[in-house]
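Engineer: These are the residues of each chain, in order.
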Amino acid sequence: MAASMDQSPVPDSADPKATVARLSQVSFSYDGGRTWALDHLSMEVRAGEHLCILGANGSGKSTLGSILSGATAPDHGQVELMGRSVCSDTPGQGRQIDTEAYRQARRSIGMVFQNPEDQIVTTVVQDDVAFGPENLGMPRQKMLSCVPAALKQVDLQTRMNDNPTRMSGGQQQRLALAGSLAMNPNMMVLDEPGAMLDAAGRQEIQSILRRLTAQGTAVVHITHLLEQARHADRVLVLDHGHILASGNPVRILEGQNLPVLAREDAQQAGSEPDRNTSSQSATIHADTKSMVGDRADTMVKLSGVSYSFPDADDQALSHVSLELAAGQTLAIIGRNGSGKSTLARLICALATPDSGSIQVAGLPLAGPDRPKARHLRRQNLKLLRQRVGYVMQYPEHQLFADSVAQDIAYGPHNLGYGPEQVQHRVDEAMKLLGISDLADRSPFDLSGGQRRLVAIAGVVACSPQLLVLDEATASLDPQACARIMTLLRVLHRRGVTIVMSTHADREALGLADQTLLLEHGETLAYGPAAEVVKRYHQLLATEAAEKETNRTQTDQKPLSLLARLDPRAKLATFLLAMFTAFAISTPRQLVLALVVTVGLFGAARAPLRSIMNSVKGFLALMLLLALFNLLVTQTGRKLAAWGPFVLTTGGIWVAVLYACRFMLIIFLGALLVETTTPTQMTDACESLLSPLSKLGIHTNEIALVLSLALRFIPTLGREVQAIVEAQAARGGSIESGSLSQRLHAAIAITVPVFAGALRHADNLSRALDARCYEGSRQERTHYRLLRLGRIDILFIALMSLYLLALLLHPLF
Amino acid sequence: MSMPNSHTHTVANKDTRFNDVHSTGAGGSGRWSTKRIAVYALFVALAVVLSFFSFPIFPAAPWLKYDPSGIVVLVCGFAFGPAAAAIISILGFVPHLFTNPFGALISMIVALALSVPAALIYRRLHSRKGAVIGIVSGAILGVIAAILCNVVITPFYAHMSMAKVVAMIVPILLPFNLMKFAIHGVVTFLIYKPISTLINK
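For the record, the sequence lines run as chains A and F.
The first sequence begins at 1 in my numbering and counts up by one.
The second sequence begins at 813 in my numbering and counts up by one.
If you are wondering where the hints come from, they were derived from the structure by calculation, not from laboratory data.
You may find that some hints are simply not true.
[Stated by the list, open to error] Listed next, the stretches of chain A that the computed footprint assigns to chain F, with coverage defined by at least 3 CB atoms under 8 Å from CB atoms of chain F:
#	region
1	69-79
2	331-339
3	569-581
4	782-796
Please read all numbers here as calculations on a predicted model, not as lab measurements.
Glycine included, each C-beta is placed from N, C-alpha and C at the ideal position.
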């Protein structure tokens, strides 16, 4: 059945060294043989070639990539990787897997996945790149040259000490590439590396891949975008587990019509025919306008709106104004981090601006008209939830119920509709998105594209007057994209006002009456799509040029004394100092402790502002405690009395003492965290805990768990916040309603949150495998050397002296 | 034809919970599989994140706040057993050591008292009934541990004798903790099934 349209992919008789991977008659099933993701497939990868595997979702291309990378074995067939037979299948003996050969082969194979964030294992760029080489047991001297070299290959050499979790998706994906390259692979397998990136990010990846093959590394690039195959040496087209065509990209791309695939521009949706329909719908919209005349004529009005995140100095949005009439469509475009999502959240009242006024669907959300009384504001919010639908970025992350229909019903149910009404709305929404056949399936069993459609149906089922979508088509396959665009056109015709943020230009052009271009939170252009998009392209061009010039400007500040200390010395002494703070009970001890703490702050040249920012939450608690202590302590001289409250000298001293203790602990902790990278913290924990490994405790693994956990805290934090908001926008709230409603709301939040954690875990474990992590079974080397120097010993001595003085003080 | 464990498997991986037919030994050759490490890491991160989503539930004592991190340790214990519950209970509060050292220790003790017995019982009695018995026993031990720890720890923060703290038990500590563990238990009971389906997928 493996019908190939031109040259047969069966391995030719070239010498085996020339192939880095060879599969013959490989079959793979996810359901124990009922259906086959790959069906008797044979192919090979030649050393140093750039092979592009093209296929639609469900064609089996990711499965093929996983087999090529040595992460999974097929059910049947033979696999040869790096010249070793890793999986053999003979009629007599059946399938045999040689795990040791697999293990050896994987050391020469790099793997990069779709989700850039889930491949990052730590919070310092160079440490992340070193993770793979460490697992391979590469000598430290070699790593010191290998890590910077790999970063140079992906143009990140100036970002060695940056925190990758704060980098853009494109940069993160380049970092993932560097992490693989540092292991000197003979073959790199990349599974949709550009799927979650914007056009600029995809181009950067493409040019790096070209450089790699020029150096002799075989590259297997898996994608559903035809455009990305243009520069490959060879293209393989997959369809339903079979090879549909294979050969030269020019012949494949130009010569044949491949309906299973999409061109990059079409993937962005809104190609030529779309534009026609949208102009039609614009005229329809003119007719239907009278029908929606009973609504406020202006659906969204913002004037001078500014917003900044609580923990950031820069404004996420500054002085944004816009006005959108009912029934119109607004596209918000701009690069990642330009403020698009923030604007969407403000319109849905999921955040409150610092200044400016917002009016949405006739309701004042911010500004002078906003009601002062709490119950009025709550009432407004309730009305807003009925009138405004919010589709967050990656809305499939909000799915929680046992069946698709139940999930879609969540919003209408919260809005208080009766069972029949709810059913009607669910059916309507499913019909609109063409997913009626999925009604009884579990949302977690569906494909990515289907899940997205279900999530959008869950918002549409609330029949909002205004629909706000945050990058609704991001990283979707063409079919799902097309469905969403059709939906938007239908809603537009029905008079629904639409606000959508996007970075796909054609989409904006196709549907938008107005387009707003944001850059660093400011309005750069606002008006008809064609002009605004032109301005956007100019911006991207100048930005690319600026990047080149900025490269050399990132300078490294010299590290402070405290930051240079051995993290073990710091961790141990700081923790002791924090715990012993409770032993402080006399003024002399307190003064000593304060002097030492001030000294430590001096040695850290600590950025007081960021430390104050991180502790300010505790200061309020400290004041409360001080007040409490002031009133419960009634020893010493009586100073004043108000009824039952007596102020005494003893009370004042206790309040000051307890507050100072508390403050010392908080500030020491913040200082430790501020001057120690998570990697150092993990190394220190691992080293300090290592004696426990003699008791059979897996200290290496525990240290890695802790380090990965620290790295994923911000990611999960953002995700939890997004899910809470998305469910709130569907009317789910833990804080109000009946007990059963609150419980339902709690489940609608916790299930997706756990599902998200498990999804990250799944990606992360594959990323750990790709970097050859094998725990303490292997001889891991260390990129960072922990060595107690003279200065560390001096520091430990000084801190010990302080602790001794503190603890022995009561004896004198 | 496709034997899951043919004899050429050179590494016998005991970590079967995280293994399947298509395994090439990738991620399974360490003492803990990479899947196990990744799941633990994400559950620890989740416990930390959720501990920041705290809100008061007991009007009489607004400074005592509910946070959902207890749900994470319970679910983890049900899905991966008592050892996993113990690891998440401890590591999930390590980051808090640097802001509130004694508070972090208390949280660890309470989380252990809640999740480990619950996981042990559920492992023996793998049914809805077992889940209920596990949650209730865990919650009772959790409440006791929380109150005992509070009695010991409060004098460090407030100038009160232990006797005075003990006097606070019935009116404040007991009802707050009962409410807290009731929420933990009910939510866990409602979500552990859908989540274990996801885990075993």
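Engineer: Could you run down the list of hints and mark each one as holding or not?
Structural biologist: Consistency of the hints with the structure:
1. 69-79: holds (count 7)
2. 331-339: This one is violated; 0 residues, fewer than the three required, reach chain F with a Cβ under 8 Å.
3. 569-581: holds (count 3)
4. 782-796: violated (count 0)
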